Amino acid sequence: MIDNSLSYDFAWKPYSTSQLLATDKTHIFRISVDNHFPKIKKELAEVLSEHEQEKASRMFIQKDKERYVVSKYCLRTILALCLKKTPHQVEFILHEHKKPTVKDIEFNISHTGDYILIAVSPKAVGIDLEYLNNEFDFKSILDITFSKQEIDFIGNKNTNPTNFYTIWTRKEALLKASGEGVSNNLHLIDCLSEYVERNKVVFKLRTFLIEGSYVASIATSFDQKELKFWNWE
Numbered sequence: 003m004i005d006n007s008l009s010y011d012f013a014w015k016p017y018s019t020s021q022l023l024a025t026d027k028t029h030i031f032r033i034s035v036d037n038h039f040p041k042i043k044k045e046l047a048e049v050l051s052e053h054e055q056e057k058a059s060r061m062f063i064q065k066d067k068e069r070y071v072v073s074k075y076c077l078r079t080i081l082a083l084c085l086k087k088t089p090h091q092v093e094f095i096l097h098e099h100k101k102p103t104v105k106d107i108e109f110n111i112s113h114t115g116d117y118i119l120i121a122v123s124p125k126a127v128g129i130d131l132e133y134l135n136n137e138f139d140f141k142s143i144l145d146i147t148f149s150k151q152e153i154d155f156i157g158n159k160n161t162n163p164t165n166f167y168t169i170w171t172r173k174e175a176l177l178k179a180s181g182e183g184v185s186n187n188l189h190l191i192d193c194l195s196e197y198v199e200r201n202k203v204v205f206k207l208r209t210f211l212i213e214g215s216y217v218a219s220i221a222t223s224f225d226q227k228e229l230k231f232w233n234w235e
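Using this note's numbering, the letters of the sequence shown correspond one by one to residues 3 to 235.
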């Protein structure tokens, strides 16, 4: 059963591109859009693909554009370090449900507000990040999205919404890790347990808070016991 306090033991350490990444571990990078867009905007043409640059140019909302280019820039930089290539040389492979990977590395991205989370791993991985919105009326979607046990864990609308976002992010992270994408049977996927099997693969689910305002969950292969948490400097 999930610990209500979300007290998963982790510590964000500063990361710079001069550090080597252990390729047998799962790494999670936390990136602030506001902090990093001014630093990288002059380098985007050297890092992003033509398609990524063209897509960014079509975005009318500036915040969405900044979030998109920062996520692509940092993802390419991280993967390039792992592959010993330049960021522009990183080539993505699209699998079923349009899940992208690169050779020998799995990764996943989630973002909301000012934050981007990027997870890279030697095994399948999924991550989800949500802002703790105290005004969101989640009661109306409980029956179609959660199992009875999960609904009991979440409680009613008058309780702290943290439990709702805990289960929601765990489902999202799990389906992203398994490569299934959106499911019409979310209520049949019970994410209260620490370990959940999907498509004959056992995933380990972990949930943590960020600054008390965001809930994040990550799904990793069960043998990925150690997670490395990095603040992108």
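Derived by calculation from the structure, the hints in this document are not laboratory data.
Please note: incorrect hints may appear among the correct ones.
With a straight-line Cα cutoff of 27 Å, these simulated DSS-like cross-link-like pairs (lysine-lysine) come out [stated by the list, open to error]:
hint: 1; residue 1: K125; residue 2: K86
hint: 2; residue 1: K202; residue 2: K101
hint: 3; residue 1: K150; residue 2: K206
hint: 4; residue 1: K206; residue 2: K43
hint: 5; residue 1: K206; residue 2: K105
Quick list of simulated restraints, FRET-style, between CB atoms [said to hold, decoys possible]:
hint: 6; residue 1: F224; residue 2: K57; range: 18 to 28 Å
hint: 7; residue 1: P16; residue 2: D145; range: 43 to 53 Å
hint: 8; residue 1: E52; residue 2: Q21; range: 28 to 38 Å
hint: 9; residue 1: F94; residue 2: N158; range: 36 to 46 Å
hint: 10; residue 1: D154; residue 2: L22; range: 38 to 48 Å
hint: 11; residue 1: N162; residue 2: T88; range: 44 to 54 Å
Since the model is a prediction, treat every value here as computed from it, not as a measurement.
For glycine and all other residues, C-beta sits at the position ideal for the given N, C-alpha and C.
Results of checking the hints against the structure:
1. Among the hinted pairs, K125 with K86 is consistent with the structure: their alpha-carbon atoms are about 19 Å apart, no more than 27 Å.
2. For the given pair, K202 sits about 18 Å from K101 by alpha-carbon distance, which is consistent with the 27 Å threshold.
3. The hinted pair formed by K150 and K206 meets the criterion: a straight-line CA distance of about 21 Å does not exceed 27 Å.
4. Distance check on the hinted pair: K206 and K43 sit about 37 Å apart at the alpha-carbon level, beyond 27 Å; violated.
5. About 23 Å separates the Cα atoms of K206 and K105, which keeps this hinted pair within 27 Å; it holds.
6. At roughly 36 Å, the beta carbons of F224 and K57 sit outside the given window of 18 to 28 Å.
7. The supplied range of 43 to 53 Å is met by P16 and D145, whose beta-carbon atoms lie about 44 Å from each other.
8. At roughly 30 Å, the beta-carbon separation of E52 and Q21 lies within the given 28 to 38 Å, and the hint holds.
9. The hint said 36 to 46 Å for the Cβ distance between F94 and N158, and at roughly 43 Å that hint holds.
10. Roughly 45 Å separates the CB atoms of D154 and L22, a value that falls within the hinted 38 to 48 Å.
11. Between N162 and T88 the Cβ separation comes to about 46 Å, which falls inside the hinted range of 44 to 54 Å.
Checked against the numbered hints given earlier, the structure breaks hints 4 and 6 and satisfies all the rest.
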